[in-house]
Amino acid sequence: MKKSIAYSGIIACITLGGIIGYCASVIIFGILTEEYIIHLMIALGAFIGGVLAVIRVRIYLRADKRLAEYLTLVPENAFAFIKEIIRQMRYRKKVRSDVMSELVAHFEDELRECKTDEEKRRMVSELVDGFGDPKLLGILLRRAKKRCRPLWRTITARALQAFGIFIVLLTMYVVWFLSGRPVVTTDYLAELNRIVRPAADQSQNAAPFYIKAAEMFKDIPEDMAELFNKCFEELTDEEKENIEDWLNSKNQVFELVAQGSLKPYYWPEYKANEKKELLSVLVPHLSGYRRIARSLILRVRLNAEKNNLNQAFDDIITCYKLGRHLNGDFSLVEQLVGMAIEDLSVEAIREILNRHQPDAHALEELQNELELLLSSEDFFVELEFEKLSLYDEIQRCFTDGPFGGHLYPARMIYLSNTIATVGETHFEEVNFWYLAEQALTFPMESLRILFAHPDKKQTFQQVDYIYNYYQQLSKKSPVELRAEEIDIENKTTKVIKGNLLLEMFIPSVLHVFELNHRVKTEIYATVVIIAAHRYKNDKGHFPDNLNELVAAGYLNCLPIDSFSDRPLIYKKTGNDFILYSIGLNFIDDGGVLGTDRGGKTGMWEDNGDAVFWPVQK
Amino acid sequence: MKFESQLLKGIAPVVVLEILSRGQMYGYELSEAIKKRSKNVLTLGQGTLYPLLYNLEAKKLVKGSWQNSDSGRQRRYYSITSKGKMELSKQKEQLAQLQKGLRYVFGGALSPA
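Listed in order, the protein sequences are those of chains Y and W. Quick note on my numbering: the first sequence kicks off at 1 and runs consecutively. Quick note on my numbering: the second sequence kicks off at 1 and runs consecutively.
Calculated from the structure, these hints are not laboratory results. None of these values were measured; they are calculated from a predicted model. The C-beta atom is built at its ideal place from N, Cα and C for all residues, glycine as well. Among the clues, some could well be false.
[To be verified] Residues on chain Y that point at chain W, a partial pick, calculated with CB under 10 Å:
id, residue
1, ARG56
2, VAL57
3, HIS106
4, PHE131
5, GLY132
6, ARG143
Given only the sequences and the hints, what does the whole structure look like? Please build it.
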């Protein structure tokens, strides 16, 4: 029986050693380490476990043998008394064993002179009286023996005790940490839909028209998509005819967009999953809007080629309004698509002016329309959607209640996997074992989440701070940002450092701000170009400078270049003119476009100007 | 004669050190020696003896080691250390002073009536 217990113990220790070896290999080398290292560590762990088990079993068997020997030396009741003293000692086995040997020896010596069993019984009784209360004696012996131990053993014992307390507290903390659950208290989806909706009834909303149009314009046939991607100048007459036919078949779509563009407002109704997570809000019609805008611009070009300029300008304004509508208080993605569509529209105007001769009336109408639209456009990037999305995510990522407020790891892992598209992790799959695996794979991050991560309140404060900061910056021009030496990325990183949720979700807004100012500059430049052409139609030549345009009433005011905070640069060149912004490098390069790494010139390269007129091929 | 436990507790370490200063002994031998040398006046209960020995050992006044006894069996022998000897002489001096003081106080009346 004892042998089988011993063998079972050895096998258990070998197994445990193997498991510890595996865990050690994961902690030291990470879960993705080479397999042979893991095997080696398992083998090492099993070997050490086995050796320790054999040693332990030998000690156990030896102690057992000694106990049997003691029983031959002293009577059973005396031995039971000694055992009780030793039991009460509650100290290290080795010390207890020594004390037991000593006490047994004492009894043995005392009983040596006793001849009869009766004498022995009496003597044992006297001795038991002499030794007194076994519990008290056990305590006294333990105290005395504790004083005997060397300093290193005391330090080790204290360290182990401290470690044990630490492990217990850590376990309690981890259990408490993992048992916390977030409570969704605010319906941010409703809040979002409330914010984006202006004080107007549904009849003034362009969204139903656009959505219907996008739904009707789901796919572009492959052959048509190929033609769409071709440069317009390279299209053959036959190809143009094909495109025109196809576009004519979509007249109903364009009609819907035109109807929508006449509406004063646009507001979508955002929809989320059944849990109302803002993270699940999709804007499914955006790609449809982009396709519609591209098609409209193609139609503009085809109409312009046929000198049907009024229709072309109408389509441009429709397209611009579509972009303007999207570029409102919505998600960043919607705003970016809106900017792109606005940019596409004004680019088409410049193309038409470059190739055709619109009459003065059409130009005046176009300019008036554009200026009217511009008068209500503030060109601020709105971040309320992103802010509310983060608020919503904070309430789902942090626990609640009087002792809550810490990060909820299961949600964080789910989010990071979703963002990194690592497999298809469903939230329900993030159970304890999954958490444990992640904790072993990313030990430093896990420690950060456990002990050093900002809590719910701090995260809300960080979000408020960052978005207030962004909102202020969105009102500044690029040249102002440069003059104030504002490093948005660096500042953001400093504020959100250590906050895993914000590190994942805070958008990179610098490029969006810049893009916004680029589009704004292009639109104002296009108004100037229209005004200059109107001037030429009336006076027979382009003005000498922009002041002439203002003085003659073709422009309300001088157009400001966001990249210099000074008027756009206009220079007359013979019978033509050049109009440009100093561009991303904030240097006047004399109206020379910058180039990309391949040497190809481009409008917004960071080593030259952005030239709007003459139109660059 | 039974001593008040506090009184005995005060002098027991000196007694043990004194006995051990004459040669190493194990627990039983020591308790027998105390009885014999004090002519049964001082008897150290076993419940006091071992904690006392371990405390002296902790203070490094005695040192214990397992050795074979005359009977051939293993016993834990205690012997006095040099630190123990110094302590003993100090304690003895103090006891002498105490005895002197007591004599001054009680005069001839210190002997039992």
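Taking each numbered hint in turn, which are not upheld by the structure, reported in ascending numerical order? 1, 2
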